[in-house]
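Colleague: If you read the protein sequences in the order shown, they are chains A and B. Residue numbers for the first sequence follow the working numbering, beginning at 1 and rising by one. Residue numbers for the second sequence follow the working numbering, beginning at 108 and rising by one.
None of these hints come from the bench; they were simulated from the model. Please note that a few of the clues may not be correct.
Where chain A lies over chain B, by a calculated footprint (3+ residues, C-beta under 8 Å) [claimed, not checked]:
{"#": "1", "stretch": "144-157"}
{"#": "2", "stretch": "213-220"}
Below, a sample of chain A positions facing chain B; criterion: calculated Cβ distance under 7 Å [as the list claims (entries may be wrong)]:
{"#": "3", "residue": "Ile-28"}
{"#": "4", "residue": "Val-34"}
{"#": "5", "residue": "Val-36"}
{"#": "6", "residue": "Met-38"}
{"#": "7", "residue": "Ile-40"}
{"#": "8", "residue": "Tyr-61"}
{"#": "9", "residue": "Ala-77"}
{"#": "10", "residue": "Asn-103"}
Even for Gly, the Cβ is constructed at its ideal location relative to N, Cα and C.
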Amino acid sequence: MNTSFLVPLEAYLTVAALLFCIGVWGLINSRNAVRVLMSIELMLNGVNINLMAFSSYLDGYEIRGQVYAIFVITVAAAEAAVGLAILLSLYRNRDTVDMEQFNLLRW
Amino acid sequence: MPPIAELTELIVFVFLASAVVIGALGVVLLPNIVYAAFLLGGVFLAVAGLYLMLNASFIAAAQVLIYVGAVNVLILFAIMLVNKKEAMAASPGTGLRRILSSGVCVGLLILLLRVAFTTPWALPGPAPIGEDAVIRLGEHFFSDYLLPFELASVLLLMAMIGAIVLARRDVFSTDVGTGEAVDQALIEKARSPLLVGKNINQKSLETNP
């Protein structure tokens, strides 16, 4: 059990912010649709690190951050399943995973 | 606390944090999507290690089971199913978009770091309860977070059914009344691109047995 908190809270927040920003960059710039889904998972993990850090440093008795992290993991699993199913269906339609080719709704 | 333990904690944190950041960069930047998927599993494992350092052993186990065991395997299966070597045609404005999005992301990072370092956090908080966290989680789930907990089960059921409906191929079943084959083909027939011809649906009906 770790009660000393040698590593400051800001270190965890920095890691989480880096992970989230890398995820945002990948979400915008990926051409492959699978990589877009992987970027979304990276962003969700960054948010989870934030929640866990706050839960451990500021709310060590009630640990509500861990409860939220479990809900985030649940929704992320559901999102991954449905997202990859949509991706497979899309691949059968268009025969590609290039995000630039999915322009049916382009204005 | 002896200095050797402090040193170990620092080393472990630096190792895990650099693994997370470098792995995430690899996931986003590597040209080979299979390497990116395996690196994503490494990132998930390193994040689980960070959870262990934050007194959350149950969430760390859940992270390994759900993310590494389920989500990452699902992504690898999706890569196998859509594995097609295609040279993606260059689209105009890619360089400009990269520069702009990099600026946006760096700005977002600076904003987040400024918030993290200038906010006066109420430290130190109450002492962590350590391994009793599982008991506390169970109490939360069955008292004040009961409704979200039950809704999560409905959400998972909907996701399961939705994934099956979306990802299945055509089902050839027979009509109960007439005994004839019922065409349940969705629009997604046999590698035919959408909206190329007007009579694409009729053609798929004719070729259907």
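Colleague: Confirm or reject each hint.
Modeller: Going down the list of hints, with the structure as the test:
Figure legend: the stretch 144-157 of chain B, annotated as covered by chain A; annotation consistent (6 residues with Cβ-Cβ distances under 8 Å, at least 3 required). With 5 residues having a beta carbon nearer than 8 Å to a beta carbon of chain A, the stretch 213-220 of chain B meets the requirement of three or more and the stated coverage holds. Checking Ile-28 of chain A against chain B by beta carbon gives a least distance of about 4 Å; that is within 7 Å, so the hint holds. The interface hint given for Val-34 of chain A is met, as the beta carbon of that residue sits about 6 Å from the closest beta carbon of chain B, less than 7 Å.
The criterion of a C-beta within 7 Å of any C-beta in chain B is not met by Val-36 of chain A, whose closest approach is roughly 10 Å, and the hint is violated. The restraint placing Met-38 of chain A at the interface with chain B holds, with a minimum CB-CB distance near 5 Å, inside the 7 Å limit. With a least beta-carbon distance of about 11 Å to chain B, the hint placing Ile-40 of chain A at the interface is violated under the 7 Å criterion. Restraint check, Tyr-61 of chain A versus chain B: the minimum CB separation of about 4 Å is within 7 Å; hint holds.
At a threshold of 7 Å, the smallest CB-CB gap from Ala-77 of chain A to chain B is about 6 Å, leaving the interface hint in force. A least Cβ separation of about 10 Å between Asn-103 of chain A and chain B goes past the 7 Å threshold, and the interface hint is therefore violated.
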